[in-house]
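A.B. asks: Chains A and B supply the protein sequences, listed in that same order.
Count along the first sequence from 1, add 81, and you get the number used in this note's numbering.
Count along the second sequence from 1, add 889, and you get the number used in this note's numbering.
The set of hints was computed from the structure by calculation and includes no laboratory data.
Worth double-checking, as some hints may not be accurate.
[Unchecked claim] Residues on chain B that point at chain A, a partial pick, calculated with CB under 8 Å:
hint	residue
1	R939
2	K998
3	G999
These numbers come from a predicted model, not from an experiment.
Even glycine gets a Cβ: it sits at the ideal position worked out from N, Cα and C.
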Amino acid sequence: DAGITQSPRHKVTETGTPVTLRCHQTENHRYMYWYRQDPGHGLRLIHYSYGVKDTDKGEVSDGYSVSRSKTEDFLLTLESATSSQTSVYFCATRENTEAFFGQGTRLTVV
Amino acid sequence: AQTVTQSQPEMSVQEAETVTLSCTYDTSESDYYLFWYKQPPSRQMILVIRQEAYKQQNATENRFSVNFQKAAKSFSLKISDSQLGDAAMYFCAYRSLLGGSNYKLTFGKGTLLTVNP
Chain A
82 DAGITQSPRH KVTETGTPVT LRCHQTENHR YMYWYRQDPG HGLRLIHYSY
132 GVKDTDKGEV SDGYSVSRSK TEDFLLTLES ATSSQTSVYF CATRENTEAF
182 FGQGTRLTVV
Chain B
890 AQTVTQSQPE MSVQEAETVT LSCTYDTSES DYYLFWYKQP PSRQMILVIR
940 QEAYKQQNAT ENRFSVNFQK AAKSFSLKIS DSQLGDAAMY FCAYRSLLGG
990 SNYKLTFGKG TLLTVNP
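Same shape as in the complex, but just chain B (with noise of 0.2 Å):
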């Protein structure tokens, strides 16, 4: 089964500067999507930004961005710019697409963020 780790419980960051949430996840596959979801104090869940692994190049969704290292499994998140609006719980989460399992996303246990004026 597939393991997704985020070790970070939480990170803050100051207004209009720089921050890199960490992911990694455990997988014997070769084909999957990974994805950063965004959950503000409303609780409702945001897909920030998506990455296949057949993809060699990162991700990148305006001030979000992805830094995809497959053969260290790690798939970290960058804000640029940081915003107050940025302040929420982050998910990493993975999909694969093989047989059953193709069916679920996993998730890890999420990294709360804190932007400071």
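Looking at chain A on its own, in the form it has when it is part of the complex (with noise of 0.2 Å):
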């Protein structure tokens, strides 16, 4: 398996608190991801990143900001947790053709 770790694993937050999640990977791979997955929804891009430095806007990015500065990690913000934003979170690399995906981050925003 890809060495993908994700911090934490289990959050609960209040609404309108800054959340920030984590992705560390040890691969050196050049393409990072962030999904978020809910009930009837499948899994949808929030934000990926092609280098360092360099990020760029998926699907549903509204609330949510990232930070690459370096390989190893790719940063997911919350900027101010609302309910909505509970969902189980995913990270992923990917070098060339797989997708290698972290064990994802459980959030509830009460």
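Join the two chains into one complex using the hints; note that each chain is given alone, in its own frame.
C.D. replies: So, in structure tokens, the structure goes:
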């Protein structure tokens, strides 16, 4: 398995607070992604990165920002958490064809 | 933008029998990748099989095979000799090979497969 670690694995936070999720990889993959998974929606792309400091928006990027200052780390920040951002968040990496996924972070906004 | 449609929210199969999960996609591109991912209750996303659009031969991986119909934009997954461990959510995914959209996977909404003993 690709070395992808997401932290934290579970988090409960209050509405209006900022939250940062971390994705760390040991594979030196160029591409990194943040997805959210919700029932009935599958996985939807939030943001992605195609290199250090190179990021772009996905289909559900409102309310989220990302940063990638090193190849191995891709941070997802919820600037002011809302209940609609309660979800399971997945990080993925890719170098060539196949994407590898982290184990997911379950985030609950109360 | 590409879209991926899985028309079966849930499917069930008897152990040892065969089941086929459907996936259709919409694209104007000629070269791309298609994937099936499995997500068991552990939540881990596991690649089951992949297909390159330029290859006419259908991909197979042990008990898993696909029926890739490029003209019809159809990519179904067949699971033979179903096992209890096959019970999971299955996602179909598309990846373009062109330009900026090359970077991302587009997923369907998933099909929940139940395997009955």
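A.B. asks: Please go over all the hints and tell whether each is borne out by the structure.
C.D. replies: A quick look at each hint next to the structure:
Look at R939 (chain B): its Cβ gets to within about 7 Å of chain A, closer than 8 Å, so that hint holds up. Hint status for K998 (chain B): holds, given a least beta-carbon distance of 4 Å to chain A, under 8 Å. For G999 (chain B), the interface hint holds, the least distance from its beta-carbon to any beta-carbon of chain A being 5 Å, beneath 8 Å.
In the structure shown, no violation is registered for any of the earlier numbered hints.
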